[in-house]
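S.K.: The primary structure of each chain is shown beneath.
Protein chains: 2
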Amino acid sequence: MSDHDDAWAQLTAYRASIDNIDAALVHLLAERFKCTQLVGELKAAHNMPPADPAREQQQIARLRRLAVDAKFDPVFAEKFLSFIVREVVRNHEALRDVETTELRTGGEDAAG
Amino acid sequence: MSDHDDAWAQLTAYRASIDNIDAALVHLLAERFKCTQLVGELKAAHNMPPADPAREQQQIARLRRLAVDAKFDPVFAEKFLSFIVREVVRNHEALRDVETTELRTGGEDAAG
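If you read the sequences in order, they're chains A and B.
FYI, in our numbering the residues of the first sequence are 1 to 112.
FYI, in our numbering the residues of the second sequence are 1 to 112.
Source of the hints: derived by calculation from the structure; they are not laboratory data.
No residue lacks a Cβ here, since even glycine has one placed at the ideal position from N, Cα and C.
A couple of the hints might just be wrong.
[Unchecked claim] Per label pair, the in silico range of CB-to-CB distance:
| # | chain 1 | residue 1 | chain 2 | residue 2 | range |
| --- | --- | --- | --- | --- | --- |
| 1 | B | A9 | A | A51 | 17 to 23 Å |
| 2 | B | S17 | A | N20 | 19 to 25 Å |
| 3 | B | A54 | A | A51 | 15 to 21 Å |
| 4 | A | A61 | B | Q57 | 33 to 39 Å |
| 5 | B | F83 | A | H4 | 28 to 34 Å |
[As the list claims (entries may be wrong)] Simulated crosslink set (PhoX-like; lysine-lysine; CA at most 25 Å straight-line):
| # | chain 1 | residue 1 | chain 2 | residue 2 |
| --- | --- | --- | --- | --- |
| 6 | A | K79 | A | K34 |
| 7 | B | K34 | A | K34 |
| 8 | B | K79 | B | K34 |
| 9 | A | K79 | B | K34 |
| 10 | B | K79 | A | K34 |
| 11 | A | K71 | B | K71 |
| 12 | A | K71 | B | K34 |
[Unchecked claim] Heads up, incomplete: computed chain B residues facing chain A, CB under 8 Å, no partners named:
| # | residue |
| --- | --- |
| 13 | I21 |
| 14 | D22 |
| 15 | A30 |
| 16 | R32 |
| 17 | C35 |
| 18 | V68 |
| 19 | A70 |
| 20 | F72 |
| 21 | V75 |
| 22 | V98 |
Chain A with its partners taken away, still in its complex shape (with noise of 0.2 Å):
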């Protein structure tokens, strides 16, 4: 085999991981955001914020010590939380309308 033919079977086996990884990455997420929705169905329902910056600042905190340990890139294990998190508020923010909704059909808080 050509050097070019070694550097693309090379590359073939390391997107074969990244593959497996990236399905691994899914199934987990898709866990991650049925936590996150029966917490926005908790939140709505007992009306508390949709956001939490005290608990975003432990969360922050803790990702980066479990970045470190694994050395992997701190500053980008806390952009990605937050990439996350700026979803889940986005759908808690939807959800909380959708019970609104519901309150004012209801006829219990018809003046907004």
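For chain A, the structure is supplied; the task is to place chain B on it using the hints.
M.R.: Positioned in the frame of chain A, the structure of chain B alone reads:
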């Protein structure tokens, strides 16, 4: 327990699961970036382009299918992959720049 206490106990339980999932995600991301670091080094050594649009399209289509099977939002799965790939391409470009600098300081391509 009051209804409010129940809600907080439930929230705490959901958060414990989210924290476990996040630890798994960070460790998987650490492995993924190890793989893409190797890909970056290989690409830089063989002068392959950092981005590969055809590969990315295949990855997007596959992750969307996996997301649907996992009852997960395929739009978010795609956004997630784009977010990761942007970081990977940034890393590959940085590696390529290092290679180029090394070549230059080695006198093999002094004119740039």
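S.K.: Compare the structure with each hint and give your call.
M.R.: To see whether the hints hold, each was checked on the structure:
no.: 1; hint: A9/B x A51/A: 17 to 23 Å; result: holds, 21 Å
no.: 2; hint: S17/B x N20/A: 19 to 25 Å; result: holds, 24 Å
no.: 3; hint: A54/B x A51/A: 15 to 21 Å; result: violated, 39 Å
no.: 4; hint: A61/A x Q57/B: 33 to 39 Å; result: holds, 37 Å
no.: 5; hint: F83/B x H4/A: 28 to 34 Å; result: holds, 31 Å
no.: 6; hint: K79/A x K34/A; result: holds, 21 Å
no.: 7; hint: K34/B x K34/A; result: violated, 28 Å
no.: 8; hint: K79/B x K34/B; result: holds, 21 Å
no.: 9; hint: K79/A x K34/B; result: holds, 18 Å
no.: 10; hint: K79/B x K34/A; result: holds, 18 Å
no.: 11; hint: K71/A x K71/B; result: violated, 32 Å
no.: 12; hint: K71/A x K34/B; result: holds, 9 Å
no.: 13; hint: I21; result: holds, 5 Å
no.: 14; hint: D22; result: holds, 6 Å
no.: 15; hint: A30; result: holds, 4 Å
no.: 16; hint: R32; result: holds, 5 Å
no.: 17; hint: C35; result: holds, 5 Å
no.: 18; hint: V68; result: violated, 10 Å
no.: 19; hint: A70; result: holds, 4 Å
no.: 20; hint: F72; result: holds, 4 Å
no.: 21; hint: V75; result: violated, 10 Å
no.: 22; hint: V98; result: violated, 16 Å
Violation of the numbered hints given earlier is confined to hints 3, 7, 11, 18, 21, 22; the remaining hints are satisfied by the structure.
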